[in-house]
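Colleague: Full structure from sequences and hints, please.
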Amino acid sequence: METTRLIIVAVGGQGNLLASKVLGEAALIAGVPVRMSEIHGMAQRGGVVESAIVFGDAESSIISDGEADILLGFEPAETLRAIKRCNQNTQVITNTAPVPPFTVSVGLGTYPDVEEIKRLIKTKTAGLVAIDAMSLAREAGSPMSVNIVLLGALIQTGALGFDREVVEEAIKRRVKPAFQEVNLTAFDLGFKAAASA
Amino acid sequence: MHKLLQDRPGEKIMLLGNEAIARGAVEAGVAFATTYPGTPSSEISLNLFQMSQETDLYFEYSTNEKVALEVAAAAANSGLRTFCMMKHVGLNVAADPLMTLAYVGVTGGMVILSADDPAMFSSQNEQDNRYYAKFGNLPMMEPSSVAEAKEMIKDAFELSESLKQPVLMRTTTRINHSNAFVTFGEIKPRDTRGRFERDPHRCVTVPAVSRGLHVKVLEKMKNAAQLSDDSSYNFVQGEGSLGIIANGVSFYYAADAVKDLGLTGRAKILRPGFSNPLPEKMIADFLAGCEKVLIVEEGEPFMEEAVKAIAQERGITIPIKGKSDDLFSRLFEFDPAMVRKNMAAFFNVAVTPKTPVDTSDLPEIPMRPPNLCSGCSHRATFYEVKQAAKEMDVICPTDIGCYTLGFLPPLSTGDFVICMGSSVSTACGFGKATDQKVVSFVGDSTFFHSGITGLVNAVFNNHNFTLVILENDITAMTGHQPHPGVDMERFGLSGYGRVNIEQLVRALGVEHVSIIKPFKVNKSIDTIKEALAFKGVSVIISQEPCALYARSLKLKSIRPFVVTDKCADHRDCITTIACPSFYLDKDNRVAIDANTCVGCAVCAQICPENAIRPLKQ
Chain A
8 METTRLIIVA
18 VGGQGNLLAS
28 KVLGEAALIA
38 GVPVRMSEIH
48 GMAQRGGVVE
58 SAIVFGDAES
68 SIISDGEADI
78 LLGFEPAETL
88 RAIKRCNQNT
98 QVITNTAPVP
108 PFTVSVGLGT
118 YPDVEEIKRL
128 IKTKTAGLVA
138 IDAMSLAREA
148 GSPMSVNIVL
158 LGALIQTGAL
168 GFDREVVEEA
178 IKRRVKPAFQ
188 EVNLTAFDLG
198 FKAAASA
Chain B
30 MHKLLQDRPG
40 EKIMLLGNEA
50 IARGAVEAGV
60 AFATTYPGTP
70 SSEISLNLFQ
80 MSQETDLYFE
90 YSTNEKVALE
100 VAAAAANSGL
110 RTFCMMKHVG
120 LNVAADPLMT
130 LAYVGVTGGM
140 VILSADDPAM
150 FSSQNEQDNR
160 YYAKFGNLPM
170 MEPSSVAEAK
180 EMIKDAFELS
190 ESLKQPVLMR
200 TTTRINHSNA
210 FVTFGEIKPR
220 DTRGRFERDP
230 HRCVTVPAVS
240 RGLHVKVLEK
250 MKNAAQLSDD
260 SSYNFVQGEG
270 SLGIIANGVS
280 FYYAADAVKD
290 LGLTGRAKIL
300 RPGFSNPLPE
310 KMIADFLAGC
320 EKVLIVEEGE
330 PFMEEAVKAI
340 AQERGITIPI
350 KGKSDDLFSR
360 LFEFDPAMVR
370 KNMAAFFNVA
380 VTPKTPVDTS
390 DLPEIPMRPP
400 NLCSGCSHRA
410 TFYEVKQAAK
420 EMDVICPTDI
430 GCYTLGFLPP
440 LSTGDFVICM
450 GSSVSTACGF
460 GKATDQKVVS
470 FVGDSTFFHS
480 GITGLVNAVF
490 NNHNFTLVIL
500 ENDITAMTGH
510 QPHPGVDMER
520 FGLSGYGRVN
530 IEQLVRALGV
540 EHVSIIKPFK
550 VNKSIDTIKE
560 ALAFKGVSVI
570 ISQEPCALYA
580 RSLKLKSIRP
590 FVVTDKCADH
600 RDCITTIACP
610 SFYLDKDNRV
620 AIDANTCVGC
630 AVCAQICPEN
640 AIRPLKQ
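So the sequence lines, in the order shown, correspond to chains A and B. My numbering puts the first residue of the first sequence at 8, with every later residue one more than the last. My numbering puts the first residue of the second sequence at 30, with every later residue one more than the last.
Calculated directly from the structure, the hints in this document are not laboratory data. These figures come from a predicted structure and were not determined experimentally. We put the CB at the ideal spot given by N, CA and C, even for glycine. It is possible that part of the hints are untrue.
[Said to hold, decoys possible] Listed next, the in silico DSS-like pairs over lysine-lysine satisfying Cα-Cα at most 25 Å (straight line):
1. B:K193 x B:K310
2. B:K32 x A:K179
3. B:K549 x A:K125
[What the hints assert, rightly or not] Below, a sample of chain A positions facing chain B; criterion: calculated Cβ distance under 10 Å:
4. M8
5. A34
6. A37
7. S58
8. D72
9. I90
10. N94
11. T97
12. P107
13. F109
14. T110
15. V111
16. D195
17. K199
18. S203
[Unchecked claim] A few chain A residues that don't get close to chain B, going by computed Cβ distances all over 12 Å:
19. I46
20. E66
21. P83
22. S142
23. T164
24. G168
25. V173
26. P184
27. A185
Modeller: Next up, the structure:
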């Protein structure tokens with residue numbers, strides 16, 4: 008079985024860990040071996056949360072620089088920061104809605120131009136799907152569903168090889184019943200947005 | 030029902046490494062568990078705490094790791110299956126009981142888990158605790174995966190019972206914080222009532238007894254060496270004349286590298302999972318069939334030195350290499366590409382690494398350092414101490430917890446920290462060694478853990494400093510665990526006592542004790558000034574619940590604040606307290622994010638124009 012290595016980067020509170028668990032569940036349904044590693048010590052205090060998910064036959068649960076097949080970024084500057092994980096064949100999917108770091112919010116730092124971020128990622132990797140996941144999440148009914156919007160976009164690219172039905176089933180298993188409808192809508196919006204991106 | 034209590038053998042479930050370890054302990058019939066929380070071990074104990082509320086499993090958050098190990102040592106000597114878990118530096122605190130408990134041994138199975146943290150994701154050092162096993166004469170087991178960790182802890186209990194010796198289980202962050210599918214096994218019934226049989230010639234370690242016990246420990250370890258050679262956790266994978274010895278997560282990096290480099294059939298890997306004592310005979314036989322051997326282990330050359338000694342004894346002269354300037358480092362953690370590259374270099378095979386994209390032309394990306402939360406009471410206390418001590422030459426020893434982040438600008442309050450409790454004792458030393466004013470900071474949980482003894486020392490030796498105890502009613506940093514000062518009713522639990530910090534501090538003989546409510550800024554500053562002026566030991570207790578915890582318990586109604594048009598753009602709010610709820614709006618004016626503001630009103634009190642007001646609802 009082919010090995011596919013996926014890195015997810017997010018800011019604490021964006022729901023990266025739930026997104027990883029949904030993909031893990033999808034792998035179980037699809038019968039694909041999976042190992043995931045996460046670093047989340049200071050997440051609640053505004054730091055970066057990174058998950059590494061290895062699908063297929065490799066036994067390692069972390070991903071070295073240059074070895075991600077897919078990079079999924081929940082925040083544009085963090086996607087760019089994580090680009091050292093990519094090589095020229097990596098597929099990148101990113102949210103375009105910034106979550107400015109505190110230093111930027113109070114005028115002590117400069118946030119890179121989002122169009123420039125997109126241009127840089129495009130020139131360095133195999134492909135970029137960039138969507139405003141925050142707007143789509145609001146459209147779905149909750150800004151908290153940014154993570155699932157981005158999963159929709161990820162699955163649409165086909166980079167992971169999972170059918171959307173498998174991931175939708177995983178969402179049903181992993182998300183509390185009260186939030187399922189919003190999240191399935193979010194998934195659909197992300198999927199469609201990636202198709203037309 | 031707690032998800033880890035489900036009695037469904039054979040079912041596959043995705044678990045965090047720490048959940049898998051907790052489940053493994055439950056499957057082993059663990060009856061008694063103790064801890065002091067510390068990342069990366071914290072979710073093991075959190076799950077056991079939750080499960081203890083539904084079953085007759087006894088679990089406690091002990092005051093510190095030494096206490097946890099001693100409490101557990103008694104249970105294990107009453108015949109119960111006992112589990113004591115902590116982060117790597119916690120084992121330093123517990124090292125005193127550990128070294129002699131190894132002499133005494135146990136009557137029920139006992140597993141002591143050390144969660145090591147290579148690369149220091151959330152620790153002050155990256156010490157390699159495998160040496161504790163060697164140092165203390167403890168059998169040690171090290172899993173390479175989440176699924177293996179669950180099975181291994183069950184065998185660790187069996188091993189402990191067969192040797193009547195505590196077993197050290199050593200994990201690393203990449204086991205504790207990885208997720209994988211594991212298969213539920215059967216849950217062995219718990220035996221929760223023990224009986225202590227008096228045995229003074231084993232259990233009372235006066236010198237005459239201990240001389241005999243040391244002899245016995247060495248005998249036990251001789252037996253352990255035999256068991257290690259026969260253990261299914263020590264195995265050789267693959268075949269060929271190129272040898273690799275790899276432990277823990279490095280084993281899988283090495284296995285992937287063998288495949289990626291096309292070395293299948295030419296290289297074999299020995300994986301010691303029962304790693305103290307190392308399987309000497311197995312290693313000797315392995316070396317005899319190799320032309321050269323690469324040792325792959327994070328941290329110190331623990332296996333490398335042992336393997337070289339085994340080779341020397343048997344006159345084996347093949348190259349054996351691990352740590353060196355051109356191979357593996359003793360620093361930080363490994364990754365698959367690094368192991369592949371070093372393996373290729375050592376075995377002289379070609380490797381074509383994937384080239385990371387060029388990052389030389391990236392614009393500067395602003396950093397995202399962790400920050401004290403919106404409405405964190407520590408921020409207020411640090412600000413107030415700074416204001417009160419404005420004219421003084423101050424040293425601020427601090428301690429381990431969220432409040433260590435106070436060392437970052439603009440608060441810049443935190444000058445020295447080495448370990449839990451050190452804020453208090455180092456304050457003693459700085460106060461005597463210098464003429465500077467010393468103001469030190471310790472959290473409530475850390476004060477109970479190991480700050481109290483430093484304060485007793487301060488009173489006795491008549492030291493001169495001000496100690497600020499940050500009483501936020503919880504162990505915040507590791508995920509909101511209780512401590513002895515916590516009202517357990519908030520957890521919905523009864524039957525607990527509660528230690529009052531103020532009464533405790535007064536009882537220790539501290540003459541100048543004051544209480545501040547840090548969200549009352551001016552009053553707090555006045556009180557702090559008085560404490561700073563006192564010659565001798567003064568203690569300030571800053572009382573305000575952790576903002577995150579208060580929010581999750583809905584302890585307070587939240588009333589966000591807004592910046593009104595009275596704002597004259599001094600920006601004192603941003604430059605002095607830097608709460609993450611502030612931002613600059615489109616017109617470059619200071620604004621407050623109403624979604625994250627918890628209404629602590631500290632900024633409102635320092636605004637010179639009185640421009641920050643509660644949001645009208």
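Colleague: Report the numbers of all earlier hints that the structure fails to satisfy, in ascending order.
Modeller: When the structure is compared with the hints, numbers 3, 4, 6, 16, 17, 18, 19, 20 and 21 turn out to be violated.
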